[in-house]
Structure formats: C-alpha cells, structure tokens
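Colleague: Read top to bottom, the protein sequences are chains A and B.
For the first sequence, the numbering used here assigns the number 10 to the initial residue and increments by one for each residue that follows.
For the second sequence, the numbering used here assigns the number -4 to the initial residue and increments by one for each residue that follows.
Derived from the structure by calculation, the hints contain no laboratory data.
Any given hint might turn out to be false.
Cut-off 35 Å, straight-line C-alpha distance, at most; resulting in silico cross-link-like pairs (DSBU-like, lysine-lysine) [to be verified]:
| no. | chain 1 | residue 1 | chain 2 | residue 2 |
| --- | --- | --- | --- | --- |
| 1 | B | K15 | B | K2 |
| 2 | B | K135 | A | K12 |
| 3 | B | K102 | A | K12 |
| 4 | B | K15 | B | K228 |
| 5 | B | K2 | B | K228 |
| 6 | B | K135 | B | K159 |
| 7 | B | K81 | B | K10 |
| 8 | A | K317 | B | K159 |
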Amino acid sequence: MKKTALYALLLLVITLILPLFLSSYGIFLTTEIYIMAVFAMSLGLIMGYAGLVSLGHAAFFGIGAYTVAILGDYVGNTYVLLICAILLSALIAFISGYFFIRVSQFYFLMITLAFGQLLYALIWQLKPITGGADGRSVSPVLNFGWGNLLDPVHIYYVTAVLFVLVYFILRLFVHSPLGQTIKGVMENESRMKMLGYNADAYKLVAYTFSGAVAGVAGAIYAYYNVFVSPELVAWLFSGQVLVMVIVGGMGTLLGPAVGAGFFVLLQNYMSTYTERWMLIMGIIFIFFVIVGRGGLIHLVMAIWERIKPGHKRSAKKEINQSESGGIT
Amino acid sequence: MSLLTVKGVSKSFGKLEILKQVDLDVQPEERHVIIGPNGAGKTTLFNCITGVLPIDAGQVVMDGHDLTSLPPYQRAKHGLSRTFQKNNLFLELTVEKNVALAVLSRKGYRHNMFRPLESYSDVFEEAHQLLDEWGLLDRKDLLVNQLSYGEQRLLEILLALALKPRLLLLDEPTSGMSPAETQQTIQFIRRLPRSVALLVVEHDMDVVFAIADRITVLHHGQVFASGTPEEVKGNAQVTEIYFGGGALKDA
C-alpha cells in the first residue's frame, strides 16, 4: 500500500513537471500519448483481464468523440458532455456486448470488427449530423468551472489527470473482488460457472466498463483535436490500438499505456524520415509477438530489476508478484 | 424426501442416444456411486445434472426446486457442486487464490469493485482453514501447475467443497492416481462431513466399495441395477454382464 502511494506520487510529480522540459510540440505529443494511453488501457483491460480480443474498439472511442462533437453544438457544459459521452459509449458497449460476448475468440474478433465498420458506414452516411467522410469540427471548449482551457498546456494537464485517474480506477477495479472474478472467468470459464459465477455477465461488465473508458478517451480527444472524422471508428484505428496493447504488454495495466507512448512517438518521429514507418512498426510488432510475449513493459521491468540499487528479488517472489498483479 | 431426483432424463447427440430415461435419486447424507463401463453415459449424466448439457427430456429436481431449465451457475447456488474428471483448475493462480475464488462465490461483497480482494481477510481465512484441514496449507503460495498430480486432484475436490454444497458430484476422483494416492483419496472422501451428500462416478472397485452406501449400475445409457453394495455384488446379472464374472468376488 505504501509502495502504491509512492508510485502514485512519483507519477504525479513527473506528469506535473514534464511540461517545463517539453517544447510546445512535445506537449502536444505527450497530450496525445495520454489520450491514446487511456484508450489502450481500456482495450488492455478486456484483453488482459477478461480474455476478450476486440478488433472494433475504436467504435467506443469514436462514440465518445462524436458525442462531444455533435451534442456540443447544443450544450456547452463540459461535465454534461463528458458524462453523456461516457454513458452513451457504455450503453452501446452494453447492448452490443450482450450479443457479442456469447461468441468466443475468433468470432468475437470478427463480430467486433463488423460492428466497428457498421458504425463507420453509419457516420459516413449521416452527413448532415456527422459531417460524413469530411468529418466535422468540434465547437465546445473544455471548461471545468474555472475558465476556458484553450492553452495546450492546460489540455495537457487535463489529459494527464485523466490518465492518472483512469489508471488508478482500473487498478482498483482489477484487484477488487469483481475484477478478480472477471480474471477467474478468463482463466477458466467452465470452472467459474460451476463455482456459481455467471460468466457471461462478468464478461459483459468488463466490456461495458472498457467501452466507457474508451468513450471518455474519445471525448477528450475531440476537445484536443477540435476535429473528428470517421477514421476515429475505422478498423485501422482499432488495429492500431490492438498493436499498442500487444507491443506494450498484455495482462498488465501500464503495459498498453507504454505501448501507446511508444506507438505515438514512433509514428511521429519515424514519419518525418519515411512514409513507410508502418513497416518498422510491423517488424517491431512481429518481434514482440514471436519473441517478447510480455511486451515492452516486461522488458522495462527486467532492465529495472538489473539496474535497481539495493535488494535483489528471488525468482519465486517474482512469480508470486506477477501472479498477484505486481506489475500493473 | 430425497435431496436430488433425476426423473426420466434422456440425452442424444444426433442419432446417438447416450441417456435413455434415467431415473436416479440421492438421499440426504447418502454416498451414492454410479458405476458402468466406458461409454455408459456416466459423465454425460453428470453434465446433465449440473446443467452443462441441456437435456432432451426429463427433470432434475434438487430439494423441491426444479433445476431443469437453470444454467449451471444457478444450480451451484442451490447447493450443487462438482469436480471434473480431468483437473479443471486455475493453473496460473496460486493454490490460495484458487480456493479464495471458490469461497468468494458465497460472499455478498463479490461484486464490490473498489476495494482490493486482499483486504477481505475472511475469504483468505476460510481458504486457509480449508487448505489446513486437508493438508495443503504449506502449498498455498505455489502455482497450481507446481503441485503434484495427486495434490491437484485433491484441490479439485477442495474447490467444489469450498462452496459448502449440500450435494457434491465427484467425477472419477481417483482417475490417473497411483495406488498410494488412491488410498489417500479414499481416506479423504470418507472424512468428508456427512452433511454433504455424495454422487460419485468411479471405475476403481476398491474405491467404490470403500465409500458407497448405494450403487447404481449404468449400462448403455440406462439404469441397469441399483442397490446396496451387497445387493449389487450379489446380482448375478451385473456380475455376468458388466464385470465379466468373478471380478467382484475379489473386490
């Protein structure tokens, strides 16, 4: 518990002082990383803790973003818009999940992909409301009650707070009885049913929760980008966040966030040198799938274990730690 | 009144009739063993009782409650618990966590989402108590796949027992065990509190006669005979058709 508080403090201090050292482009980029990290953590939650691999998760990100964009024409209050974005993405995750979670593995992947594309087509078609293929601008401005937040540094802090908040909420969630039960369902569904757990209901809770988190990431993204387009729900984006989760490290909470940071940085810096940056991302992805199953976060942890001053942990302790979710 | 009543249960896979009009009951505190050759439908019957497989016809009633159309997790809430023929455990979790997940199933706070499971000491106390009672407490921090096969088999029973069931279904509890482990398991089963009724599928005749109050012989998906161990032993037809003659006399 003491260690958690220490980490929390460290994380908070880093995020607070980071803008002092960053260029304005750096701040812009870090803001995007925080948003993508929240999105990746939402997918990481269902992939690593509920065993649900979705190829349509951008749908919920897009619902969040479009809710702010469309409803923002009529309502200005940030709280109302954010709550609407969360509720709507959660509701649609709940309804779609109700049907989707009944199918397993490969079929789940395909049906979520189809769902995402369905939404993509819908946004494309509803041009008067959504702006169609051209996308549309976002008119509301972030305002939590102490003035309009227009400065990139302000938006940086909003996303930083969101990231830290979501991380700790997810952390609480995965360690709670409910979260542990969901993980149990992932580990062994047939046994959990025999132990009196309604496996489908638990998966649906995880899926809905994950959809809501993706929705809030999308909502903040709409404010940050001041523009939304159908690409936000397209399968390419869903695929990208899947890559973030896998490269970052599935089965942990921070892994997907690390993957998101890695992805955004690579995308921005490599694309200044070559248009074929996806090729490099592809090679890295293949490397992590074949060789480094645990992803970047485990690589980072392994290096940290070596350079860390002081005590060394025994192998046995490490097994227990990773089991109880020590690296999250 | 009987604890479990299975009335006219039939189950087919395509044209293959696995169970034909099976009638079976388990009395409170009874230890009822089902025997029968491979393919007699024993495991299918278990799956039909626990709701893993839907039945084509018939009824499963537990203590006056009709369970026939209930999903497995709701049957568990009526006091029905089972083990699996092949170990069906949480291999990636510690022994302690395995039992804790089973204990948690009975707790009212199992849906709490903002407090760590570790902070609910009563779950772990109960899990430790159970592990201690059955001699696995010193293994609590190991992962399940670090246990010996016999220990895993025992944990399989412990998980089912942690639900505090009124009826425990054991699917071949000694399958794949060494003779020594089998002897140990017989002792374990005999030690189970009488308040838990048992319905057991078992091949090993030593085990069957060591634990059974009543034996039902299943043959080609039908109840062929049912009675006390002595009656079944003395049934010439059972000996003739099922045991191939003579086998029972040695047992």
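Colleague: It remains to establish, for every hint, whether it holds in the given structure.
Modeller: Structure-based check of each hint:
{"no.": "1", "hint": "B:K15 - B:K2", "in the structure": "holds, 11 Å"}
{"no.": "2", "hint": "B:K135 - A:K12", "in the structure": "holds, 24 Å"}
{"no.": "3", "hint": "B:K102 - A:K12", "in the structure": "holds, 29 Å"}
{"no.": "4", "hint": "B:K15 - B:K228", "in the structure": "holds, 24 Å"}
{"no.": "5", "hint": "B:K2 - B:K228", "in the structure": "holds, 25 Å"}
{"no.": "6", "hint": "B:K135 - B:K159", "in the structure": "holds, 20 Å"}
{"no.": "7", "hint": "B:K81 - B:K10", "in the structure": "holds, 27 Å"}
{"no.": "8", "hint": "A:K317 - B:K159", "in the structure": "violated, 47 Å"}
Going through the hint list in order, the structure does not satisfy hint 8, though it satisfies all others.
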